Amino acid sequence: MTVTEAPPRPGRTAAVKAARSRSWRDPWRLAALFALLILLIFIVYPQLWIVRSAFTSDDGAFTLARFVAFVGDDTFTTPLVHSVVVSVAVGIGAALIAVPFAFVMARYRIPGREGILTMLTMATTSPPFLGAYAWLLLLGSGGIITKGAKEAGIPLPFDTILGVGGIIWVGVWFTFALIFLMVYDAFRAVDPALEEAAASVGSRPLRTHWKLTLPLAVPAIATGLYLASMRIFADFGTPMLIGGGFQMLPVVVYQNFLSEVQTSTGTAAAASVMMVLVSAAALVVQRRIVSRRSFAVTGSKVQPLRELRPVPRAFVLAGIWITLLISFVPHIVVVGTSFLRWQSGILQWEPTMENYSTLLADSLQPIVLSFVFAGIACLLALVMGVVVAYIVARKKFRISAPLLNNLVMVPYILPGTVFAIGFILAFNHLPVILTGTALILVVAYFIRRLPYVMKSIETALGQVHPSLEEAAMSVGAAPRRSFRDIVIPIIRPAVISGGTVGFLQMITELSATVMLYAVPWVTMTVVIFTNAMQPGSPFGVASAMTTVLMVSIYIPLYLLRRKYRTLSF
Amino acid sequence: MKSTSLDIRVDGISKSFGPVSALESVDLHVPAGQLATLLGASGCGKTTLLRIIAGFETADDGGIRFGEKDIAKVPVWKRRIGFVFQSYALWPHMTVEENVAYGLRLRKLPKDDVKAKVAHGLAMVGLTGRENRHPGQLSGGQQQRVALARALALEPDVLLMDEPLSNLDAKLRVEMRREIRRIQQETGITAIYVTHDQDEALEISDVVAVMNGGRVEQVGTPEEIYERPETTFVASFVGSVTLLAGTVAPGGGLDLDGLGTVEFGGPLGEAGRPVTVALRPEDMSIVDGGQAQFTGRVVHSSFQGSTRESVAELPGGQRLCFEHRRPLTTGSVVGLTADRHTVIVKDTGVA
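Going down the list, the protein sequences come from chains U and G.
Numbered per the numbering used here, the first sequence finishes at 569, counting up by one with no gaps.
Numbered per the numbering used here, the second sequence finishes at 351, counting up by one with no gaps.
The hints are simulated quantities; they were obtained by calculation from the structure and are not laboratory data.
Just so it is clear, the structure is predicted and the values come from calculations on it, not from any experiment.
In silico contact screen, one side only, chain G against chain U (beta carbon under 7 angstroms); selected entries:
{"no.": "1", "residue": "Phe-56"}
{"no.": "2", "residue": "Val-76"}
{"no.": "3", "residue": "Trp-77"}
{"no.": "4", "residue": "Ile-81"}
{"no.": "5", "residue": "Phe-83"}
{"no.": "6", "residue": "Phe-85"}
{"no.": "7", "residue": "Ser-87"}
{"no.": "8", "residue": "Ala-89"}
{"no.": "9", "residue": "His-93"}
{"no.": "10", "residue": "Gly-103"}
{"no.": "11", "residue": "Leu-154"}
Think of the CB as a built atom: it goes at the ideal place given N, C-alpha and C, for glycine as much as any other residue.
With these hints in hand, go ahead and build the complete structure from the sequences.
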């Protein structure tokens with residue numbers, strides 16, 4: 001209910017007052033305050049602790065020294081520069097693969113396109129450390145290929161994939177599908193009439209694509225680049241597993257915070273602040289490009305799919321399948337090695353089910369815990385997501401609605417490592433103690449994925465015209481009833497898909513989990529990570545665990561895609 | 001006519017959105033069983049007024065009654081209204097049958113009753129046999145019929161329609177408005193219909209309220225509104241018209257501000273008073289020079305099928321619109337006389 005801001009005039013003060021008191025009785029107002037409280041406790045409060053810690057010296061006084069060190073001391077400048085350079089390199093590399101790929105998929109008739117699109121969607125949801133782990137198994141110093149090549153006497157250009165090259169290689173294959181999906185949609189959305197208009201004034205196809213189609217896709221490319229770069233910038237698993245000592249910020253933060261040798265909470269906090277600043281700056285750049293370069297390009301006509309001539313067609317198909325093959329190497333390697341015997345870290349080419357029986361005997365609990373944590377967190381995120389999205393989209397509360405809308409998006413720019421440090425600093429003492437409990441993981445998953453879940457629901461709500469609810473009220477449904485009977489069923493597909501994607505990201509979460517977990521609350525990702533970090537550890541079991549993790553991601557994803565196709569409104 | 005029809009009475013409704021005043025002390029009375037249209041350009045406040053009557057918006061001031069009931073403080077869902085939206089607002093996840101039955105099921109009516117009422121409602125709008133379709137599978141016209149059946153299923157006290165036909169194409173609009181009028185008369189329900197289309201308003205209403213800038217300019221039957229407009233705005237909004245502004249000459253004719261005087265066969269009012277004379281094109285006849293009230297040069301002529309509409313420029317520069325049958329050449333001089341005219345004293349601008 002709206003409260004007009006006009007100064008009360010005599011004769012209508014009573015009406016205004018009545019409207020105001022009615023609006024306070026709106027249960028959504030209470031929900032808004034409650035949601036705000038949750039966001040303040042779990043988003044703002046931990047971040048304040050990070051800031052406090054970053055500006056406090058080891059003996060408790062205010063200091064700027066940590067940030068001065070960031071400028072002058074290359075133990076900090078190096079990881080910062082490394083992180084930025086690697087992220088940009090990964091983004092560009094991924095875009096170089098994704099943009100041409102998206103273009104041919106969007107414009108030409110490609111056999112098996114539905115399958116290819118499904119595989120690319122799968123690629124965007126693979127566990128973040130999967131690539132690093134699998135490529136390490138293949139090309140690490142004792143890797144399957146490196147060792148095989150050495151024994152066969154074939155010279156390789158490198159001894160090991162460890163190092164900056166490895167991070168970029170893994171990062172590119174890990175993120176290109178993200179850019180692909182964004183750019184593919186943009187290319188599909190270009191109104192064919194625009195290109196026909198260009199042709200009608202004498203522009204040849206190649207020129208049209210260069211001067212018209214590509215520029216129209218710039219916002220999508222920028223968004224894809226941003227998502228890809230930030231995924232690597234915030235990723236802890238990849239540089240930790242495959243960096244081989246190449247210093248990047250998440251690793252530095254982790255080591256400074258948790259290493260047994262020289263912990264420095266303040267240093268970790270300062271590095272965290274730097275990470276947040278970088279990722280906020282990247283968001284600003286992305287937003288600026290998108291807002292400057294966005295044009296309304298959607299027409300009523302759908303892009304027709306053209307036929308390719310035989311020779312280019314052969315090249316295109318080869319390119320597509322080689323790209324897909326490389327991006328699925330990690331999956332193949334992990335599933336393959338999970339059925340092979342390992343002995344003290346060395347692969348024996350002997351098929352076995354031993355890895356799985358060991359897994360069931362020793363590590364059933366992490367599997368169950370992963371599902372329980374992600375499941376509860378996902379439900380929380382859905383409920384909160386629906387409430388916040390509804391308030392933001394429908395209720396014009398003057399203070400709480402914009403506040404909620406902005407606060408809820410903050411975790412979007414917080415790397416998992418930073419998020420975890422905030423939680424530890426804030427919740428390892430009174431008034432709220434969560435460290436060492438299982439709850440800290442649940443809450444962390446819930447809050448971290450809330451922006452994604454909430455945004456997908458908000459988008460769906462934007463398509464529920466307010467008159468649909470008014471229509472229900474006009475035939476006698478009170479607001480709560482119309483929300484239940486009209487709004488919820490209509491946004492259900494978005495709720496389900498937002499929830500599924502949220503669940504997938506939660507169950508594969510590593511960078512925050514690895515800092516927050518405490519025995520016995522161990523998740524699948526932690527088990528895989530600790531196994532992969534120890535030379536000579538049971539790689540087979542880790543592979544089996546990763547296979548289980550992949551199955552638990554791809555089955556819901558498959559069901560979701562199938563359900564969507566049968567949904568008809 | 002339904003014996004339970006209630007009249008609608010709106011008293012001094014005002015509403016502002018922040019600094020913008022949308023309605024300024026609007027009064028309106030719709031007698032029981034009649035259909036009233038709120039006619040006006042976009043932004044005139046007609047939709048806001050309708051939404052206040054429905055209960056979707058709260059007025060800052062003023063009262064609303066359905067019959068004897070003061071409903072200003074009754075929430076929408078207890079007001080017993082039927083509302084038809086411009087966007088149809090059918091629930092996409094429900095079938096046609098479920099859309100119409102939803103309100104009945106909320107009232108916990110016995111299943112057989114619900115079934116009978118839904119069947120009756122769909123028969124009334126001519127959609128029997130489409131019960132199991134989803135709204136997306138229907139045309140715009142059919143969707144609006146479902147919306148109408150849904151609004152009437154609960155036998156509400158009043159039926160409120162917000163530009164229900166503006167998303168339909170021209171031919172269907174004419175067909176649908178007759179349909180709406182028929183159903184309204186059959187059920188005898190009191191109805192308010194918002195539109196910006198004067199043809200629609202004139203054809204289907206018992207009462208037309210012309211709105212402009214948050215006020216009601218004139219309320220009357222369609223004939224009154226068309227033939228005896230009280231303000232220049234009403235005259236220019238409804239139908240095509242020529243407005244000649246001037247003052248009443250000492251002889252009772254219209255002094256076109258020094259550009260000549262036109263006699264209208266009788267005094268237009270008190271001498272010296274500023275007035276506007278409204279002339280409908282169909283009331284103009286071509287006559288020989290001697291008897292002509294106006295002599296002008298034809299500047300534009302258009303063929304419209306059953307008639308021709310032309311514009312003559314008077315010596316003073318005013319443009320006079322008239323209907324005639326025989327072709328006229330542009331540039332020719334023509335003598336015109338008005339068979340009928342309306343004197344308007346309230347100048348509220350033109351639409």
